Amino acid sequence: MSTSGLAAQFTELVLAILLAPVLTGWVNQCRAWLQNKSAPSLFLPYRMLAKLFEKEVVLAHNASPLFRFAPYLVFGCLALAAAIVPTLGTDLPLNAAADAIALVGLLALARLFIALAGMDIGTAFGTLGARREMLVGFLAEPALLMVLFTASLISHSTSLATIVETLAHREFVIYPSMAFAGVAFTMVSLAENARIPVDNPATHLELTMIHEAMILEYSGRHLAMMEWAASLKLFVYSCMGLALFFPFGVAGGGDWLGIVLALPALLAKLALGGAGLALIETVSAKMRIFRAPEFLGSAFVFAVLAMLVHVLLEA
Amino acid sequence: MNIPALDAALAAAAAWIAIGLAGTLAPRSLRLSSRVLFPAGALVGLALAAVALGALFAAPSVRILPLGLPDLPFHARLDALSAFFLLLLGSVSAGVSVFASGYLRAGETSPPGLQCLGYHLFLASMALVLLADDAYFFMVAWETMALSSFFLVTSEHRDPAIRRAGFLYLLIAHLGAISILLCFGALQGGSGDYTFETMRLMTQPPAWASAAFLLALVGFGAKAGIVPLHVWLPEAHPAAPSPVSALMSAVMLKTAVYGLLRVTLDLIGFSLWWWGVVVLAVGLVSALFGIVFAAVQSDMKRLLAYSSIENIGLVMAGFGLTLLFRSFGMGTLAALALTATLYHCLNHGFYKSLLFLATGSVLHATRERSLGRLGGLIHRMPWVAWCALVGTIAIAGLPPLNGFVSEWLLLQAFLFTPGLPQAYLNMLVPVAAAVVALAAALSGYVMVKFFGVVFLGRAREPKLASAHDAGPWERTGLAWLAAGCIALGLMPATVIGMLDPVTRSFTGTGMASLTHGWLYLAPIEPQRASYSPLLFFVGAALLIVVAWLSVRAFYHGRVRRAAPWDCGFPFLDSRMQDTAEGFGQPVRHVFQPAFRASTEAPAPADARPRYRETLEDRLWYWLYLPVARATARATALVTVLQRGRISVYLMYSFATLLVLLFFVR
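Residue numbers (this note's numbering), protein chains in the order written: chain A, 1433 to 1747; chain B, 3 to 667.
It should be emphasised that the hints constitute simulated quantities derived from the structure, not laboratory data. These figures come from a predicted structure and were not determined experimentally. Treat the hints loosely; a few may be bogus.
[As the list claims (entries may be wrong)] Covered stretches of chain A (in silico footprint by chain B; criterion: 3 or more residues with CB under 8 Å from a CB of chain B, positions within the stretch not fixed):
| id | segment |
| --- | --- |
| 1 | 1487-1493 |
| 2 | 1536-1547 |
| 3 | 1559-1565 |
| 4 | 1586-1592 |
| 5 | 1640-1653 |
| 6 | 1730-1739 |
[Stated by the list, open to error] Residues of chain B clear of chain A, computed beta-carbon distances all greater than 10 Å:
| id | residue |
| --- | --- |
| 7 | Pro113 |
| 8 | Leu184 |
| 9 | Val287 |
| 10 | Trp624 |
[To be verified] Listing some non-contacts, in silico: residues in chain A with all C-beta distances to chain B over 10 Å:
| id | residue |
| --- | --- |
| 11 | Thr1435 |
| 12 | Ser1436 |
| 13 | Leu1438 |
| 14 | Ala1439 |
| 15 | Leu1447 |
| 16 | Ser1473 |
| 17 | Leu1476 |
| 18 | Ala1600 |
| 19 | Ile1606 |
| 20 | Pro1608 |
| 21 | Pro1629 |
| 22 | Glu1659 |
| 23 | Phe1678 |
| 24 | Leu1689 |
| 25 | Leu1693 |
| 26 | Val1715 |
For glycine and all other residues, C-beta sits at the position ideal for the given N, C-alpha and C.
Same shape as in the complex, but just chain B (with noise of 0.2 Å):
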């Protein structure tokens, strides 16, 4: 029996919705749901990465499907990007179905079986606007995505923050979905078909191509939370419970990342400068903004969520250089900056979900989100810390992980730009690449105080003696996820040979053929610059087990155990360690302009002096009140119209038909 793979892919869609919706028929059930449905979601998702990574390597399959709307049926299309974008969803959904079999708790927030329900939903309707050939099935399947995650962000929808939080995110996205519409509007160039093979095989004039890419920048970039669309980012990810907080992060940003680089690179088919400039300046905008606001956080997931900013922007600089090079007709650099832009979506899928997931853990431990009121928690949650140090390494962009790697792709494919035509855009290269190597070191700062002030030092609060270690659920979705993030940095020859198929389709060259082995890692030439992360650790590891044991074989083994020294202060108390707005003090300090800066010092004869110092998004103030003001009063104007009286309101109608009348006769 052989299934084709693009009917195994929408099978494993339409097993998704089965299993939403055999939630339902005992929603308050909360065995059904995470000891049955959950684990065969997780069972789905495993098939779906086997099947795509089947799919990377095979012809592109086409098929249209007996649903929609008469005379428009839905179109179907499964290539090496679908397959790659479907590999990654799959396979960090397993992960986190997994944990969130053993993550659901029964009266926390809506019943367990709609929460059910809203999860598989939103990865069926994320898989098919990964599958979508048409704008039609596409703008369905996104909609669905963004309503789906819509009530899975506002599950404890009873406290109005978190409504608020919603409505933000479904505002911006729907700013977003209706610039992705007038995109493919655009893209349809007349012709009234909106399949994507017609919109394929168009050739659009530069001006209409450039709208269409411009629109397709705004409407994705609402989604990925490129700066300044970002702002609900950090307002729904804390919102959203653990696992769909992990979720959207991890692969519901990709799926945006997929749109732009299906429009771009697919359908519109050509590039020019002056985009990859464009979406390299986003990008750096987003990346450096996205970590200097992660380092002042308080709040756990409001951390990762700036932090997810910043990736997105390192994704889009990297995108950035692949449109750069790819106008400039050079196909093996554009395939090098293509590769690092698509190695970097997976390791943020692996490594921000595995945090997401173990910020939810210790949320579950100590119902406890902020990182002030946290601390020690390695030893009481050793699981747990253990999988969030390999996170905190992989996303610090360390070797030998996963981060690194494509860091490394990244600030190569940078090197190799003052090869470039033009003059100016050589200048401006090295500044691109201070750029990252900056959010890229900030990373690092983020990530200690992350790990730093959460599980390491001692408990801030008393409570949190009783944290308990997460279940073995939770366990195998963490250290599946911990896992993706070792493999991906040790083996990212492989890696590339799985992304080759992407990049030959749209650059016309692959990495495959360049890497010099299964061993190293050597893009171009091995002259230029190569990279072996196993031998790199293995040297590592060897040297570190050598120092240890010759340590030991030469000197004694005595301990002894005492009273922290601290220079000898003897009153040490754990209100004394660094809260997380100590620890970002020097961010602030370094990066005062960026914020608005509101403090509020106690009076010198204060006998209960308070010290407090918000931080807020300038860009909240710059752009978006301004928009809500002028909104507010525009509608103010109209409101003249509404009398509330029905004989006003018909003549309105009438006057209405006259006027018509007038101009159709």
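Isolated chain A, as found in the complex (with noise of 0.2 Å):
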């Protein structure tokens, strides 16, 4: 563990963290421009939180000790997320820590936790939000854990950083299997991160909502964490996609010069991200809830397929 490595955790860390509210906000910009509306400002989001932190919690009278610890468990556990993906440099002492599984992993016990949360109340529509995330959640895990197995065949390790390491610094090849994986990984990623088609993240229509609706009961400072954290989550796994399919840039070990040369890298492509995210968004409708398991049952499809033709092919 060296001290570069450590400063570079850390201000990947804090990055993520500050840059998360101004993707969101830079989506929702391209999302207005795509539809022709004028767009919001590009802090819009920081705004929303500003005030979000400064009004008082409403917390329902039978709400638990969970309901309350979940915001920050869930925001913790995101930023941990985002802090294992390596957007910068490879030389994370966190990725001895938590590889491609534990990261998974980590996004899962999040989503446990918003889950049940969302119950904790007892309303109606808590429960429904909860049951459709985990209806979602227990097909696109495995799909996405699919998609991080195909980098980990071809790299022959499930370190990220030694994904990222054998993806950006080999000879130009074209893999395959990366085309289905891609595919597969952008579906998993419009699931996760709540957004159309799987579900709406600017609707606030009851019976359609899936995010929405199990952060409904929160307020205040909680709702705050519970928007940071989703903004953690959409970073995330741009940050992840970008780290599997498009690596160039980052830097490699210790590599000063690399880190600050990897920053504007990372800005460019996830503006690009964000735009096409936009575009999918504006292109595509909204599907009804049973439809979402044979999207994402041919995520899951795809990305097995990745897997087998990584091994027909490539090995």
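Using the supplied hints, reconstruct the complex from the two chains, each of which is provided in its own coordinate frame.
Next comes the structure, spelled out in structure tokens:
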């Protein structure tokens, strides 16, 4: 564990926490432009968070300690996830502590607590949201795992740093398996981040929502933590996608200049990715909730195919 | 004074028998059983665990007991594999016994003294199964285990449903026992010597070895609850008192795993590659089947019983990989897969007993086992709820607790598979890994359902308002098991060091040299994969605490209590929450072909509409009922002989004698 590694780790963590709301703002801005609306400010999510932090918490009478504790736990889990995914450099001390499987586990832990918190008050919407979230989760999680496994098989490692290093610093080869994995990953991240076509982040129409239904009872600083955590989740998924499919520009171990240069590369990639997400959301329609298993099921099949293609063609 | 570990372990089993017999001195005395005997049984459990821990690293020791038939004495042996399972038995049973001290109630089931006898005989017979070193002793202990657990399952024998469950259990247990007996018959290879030592030294021809392996798989699989021999499990577990369900699920299923490991790895001594494929396939089917059925259950204990099928499936998948790697001579990978298998056994022992005991406390506090009539118990029973939350996270396979560690190891073993020399096997493996991942993700779904419906939300029935938290004994038992889950989760490198002698004796290599210090878990090499739950936990805890403290420091802490918001809907009712059936509905929808469903929908104009849906196991109709019908038909044919007149029966005897005389002369 080197000092530079620790510093890179810390920078990456702080950067992720600070940049996550901006990414959400950027996606919203792009979407507004694409839909011919006048766009809100890039920093609107920040103002939103500030407003929520200022407000008092209105807590249901029968809220348990789990309900009050969950927002911090979810935030902490997703912040840790953001720290695990290599965005700037690959020399990260936390990479030895948690690999790709642990990352998926961490995201699942956050999901478990959001769902439990959604069930805690005992409202119809809360349990509805929890049930649907777990439905999305149990199909998306193995698909994500299979996508990461495909990359792991290529690089002979489940360590994210090694995966990024192998994929970024190799001679240019096109892996057909990664194409399948890419499709699967896109579908999974749409579902996991409560995006159209699985969920609609802009809606409060009760019967169609998933993520919003679970956090309906939250207010004030708790809601702020949950919203921030949701932004962080989008950030983590975007960075994971970049790390797996566009890892170019990420610095190798202990390379300070590389890390400094990696920052603009990261920002550019995130901006492009966010715009792509807005485009997908604009051109597709939200599907019925029971189409979601089909959608995610095909993501799962694509991910397994990716592994098979790797074993058949590339091994 | 230095007592050999084997003697100490046998003494522990004897002590359990003695404690059980002491219970019969005053069978109706609750004080004697619950305040003296069960705590003593827990202490014996702890002592056994300590002995087993020491024996893990010692050389195998053998002893011939002055028991059994003349010329057929009992042989006992304690080696690393036995010691590992004894450790599981001792440490889990200690927590369960302490819990049982507080759990027994007067007048609820059969008298406490008899329960105490059955319970401790059950414990002792499991210990003896693990120590037996000849087929005769093994079968005696195995059958004692089956019978004592049968009496424990049927301790509320006045209920016909429970008697039926007990009968089903006994039936399948005996089918399994016959198969195991035949397996030992195949293994002795005509020598007539049934000691394990002889079987170990003998090398069987592949055909006989395969027969023995398949018989062992069926026999031990019936006890472990692999599909399609699982039907007794969801019936027997809910019928038994909670500490017994905990022991059966957490330890007894593991003795079956032990038996399979003992026969396959030790007695047969080699493995063919297709054995691994068979076990892997059986394991994957069980895992997926178990968890899908768990998701649609409405009874707490049935849900946990189906989840046991899933966990045994994962154990079997790990074991299948072990056999596969072993047959191709890949020692390190076989060791990795075996480590995952054993680790999962240990984990399941802890978290499943924890959850079964938690359902026991809920059952006592509310007299309710159906998920749909519970809810909001975190307010009434905080101790039980928080302990159950630990179990929930552990069983869902989430970091940093123990369920994740064994799943991680198992998935790592899968990731290394593409080095197998057979191309077809390499193609199967991604599919297998996908099934494992799907089962693991589904278990998260099931556990959210379990914990959320029972402990969170609002109370669905008014009577739940009088629910009380568990007493001090029960809390101690729960806390012990929860602490076990946490310790196994945070210190995997230490645990793997303990598994090292076992893997070393069967695969030639251990994992201990490959863990890279106590902090990191890195099978094979750290560049390939590493995981450090302690660092992971510290990182997550630090981030959570910092987030909490900084929100505290920079913003006001104002909180206003109000009615739930619920989108402004004012008439909130506890019946508007999801029931267990409601929460399971998506799984029912997605995995529709898995169930045999019959729906009863109300007519449109029905004044009191009722909607009913029953989900049944297709295997019951595909496999069990045809067999039962065929048996009934066969017996009907035989009844022709039954005339009910003694002269006819004498004729039969005479005819038989004549025929025999003709042949023997």
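Verification of the hints:
1. Chain B is given as covering the segment 1487-1493 of chain A, and this holds because 6 residues of the stretch bring a CB closer than 8 Å to a CB of that chain, at least three being needed.
2. Using a Cβ-Cβ cut-off of 8 Å, 7 residues of the segment 1536-1547 of chain A lie near chain B, which meets the minimum of three, so the contact claim holds.
3. Three residues within the 8 Å Cβ limit are the bar, and the segment 1559-1565 of chain A against chain B gives 5, so the coverage statement holds.
4. With 4 residues carrying a beta carbon less than 8 Å from a beta carbon of chain B, the segment 1586-1592 of chain A meets the three-residue requirement, and the given coverage holds.
5. Counting residues of the segment 1640-1653 of chain A whose CB lies closer than 8 Å to any CB of chain B gives 5, so the stated coverage by that chain holds, three being the minimum.
6. Counting residues of the segment 1730-1739 of chain A whose beta carbon lies closer than 8 Å to any beta carbon of chain B gives 4, which meets the minimum of three for the stated coverage.
7. Its beta-carbon lying about 39 Å from the closest one in chain A, Pro113(B) satisfies the requirement of being farther than 10 Å from that chain.
8. No beta-carbon of chain A is positioned within 10 Å of the beta-carbon of Leu184(B); the least distance is around 39 Å.
9. Chain A leaves Val287(B) outside its interface by the beta-carbon criterion, the shortest separation being 17 Å against a cut-off of 10 Å.
10. For Trp624(B), the non-interface assignment is confirmed: its Cβ lies about 25 Å from the closest Cβ of chain A, beyond the 10 Å cut-off.
11. Every C-beta of chain B lies more than 10 Å from that of Thr1435(A), the closest at about 17 Å, which supports listing it as non-interface.
12. Its beta-carbon lying about 18 Å from the closest one in chain B, Ser1436(A) satisfies the requirement of being farther than 10 Å from that chain.
13. Distance to chain B confirms Leu1438(A) as a non-interface residue, since its nearest Cβ pair spans about 12 Å, more than 10 Å.
14. Every CB of chain B is more than 10 Å from the CB of Ala1439(A) (nearest about 16 Å), matching its label as outside the interface.
15. Every Cβ of chain B is farther than 10 Å from the Cβ of Leu1447(A); the closest lies at roughly 15 Å, confirming the non-interface assignment.
16. Annotated as non-interface, Ser1473(A) keeps its C-beta farther than 10 Å from every C-beta of chain B; the closest such distance is 23 Å.
17. Every beta carbon of chain B lies more than 10 Å from that of Leu1476(A), the smallest distance being close to 20 Å; the non-interface claim holds.
18. No Cβ of chain B comes within 10 Å of the Cβ of Ala1600(A); the nearest lies about 16 Å off, and the non-interface call holds.
19. The claim that Ile1606(A) lies off the interface holds: its Cβ sits roughly 20 Å from the closest Cβ of chain B, which is beyond the 10 Å cut-off.
20. Non-interface call for Pro1608(A) relative to chain B: holds, since the shortest CB-CB distance, roughly 15 Å, exceeds 10 Å.
21. Distance check for Pro1629(A) against chain B: the nearest CB is about 17 Å away, which clears 10 Å, and the non-interface claim stands.
22. With a closest Cβ-Cβ approach of about 13 Å to chain B, Glu1659(A) is found to remain outside the 10 Å limit, as its non-interface label requires.
23. Remark: the non-interface label on Phe1678(A) is consistent with the geometry, its nearest Cβ contact in chain B lying 23 Å away (cut-off 10 Å).
24. Distance check for Leu1689(A) against chain B: the nearest CB is about 24 Å away, which clears 10 Å, and the non-interface claim stands.
25. Leu1693(A), annotated as away from the interface, keeps every beta carbon of chain B farther than 10 Å; the closest lies near 25 Å.
26. In this structure Val1715(A) is separated from chain B by more than 10 Å, as the shortest Cβ-Cβ distance comes to about 27 Å.
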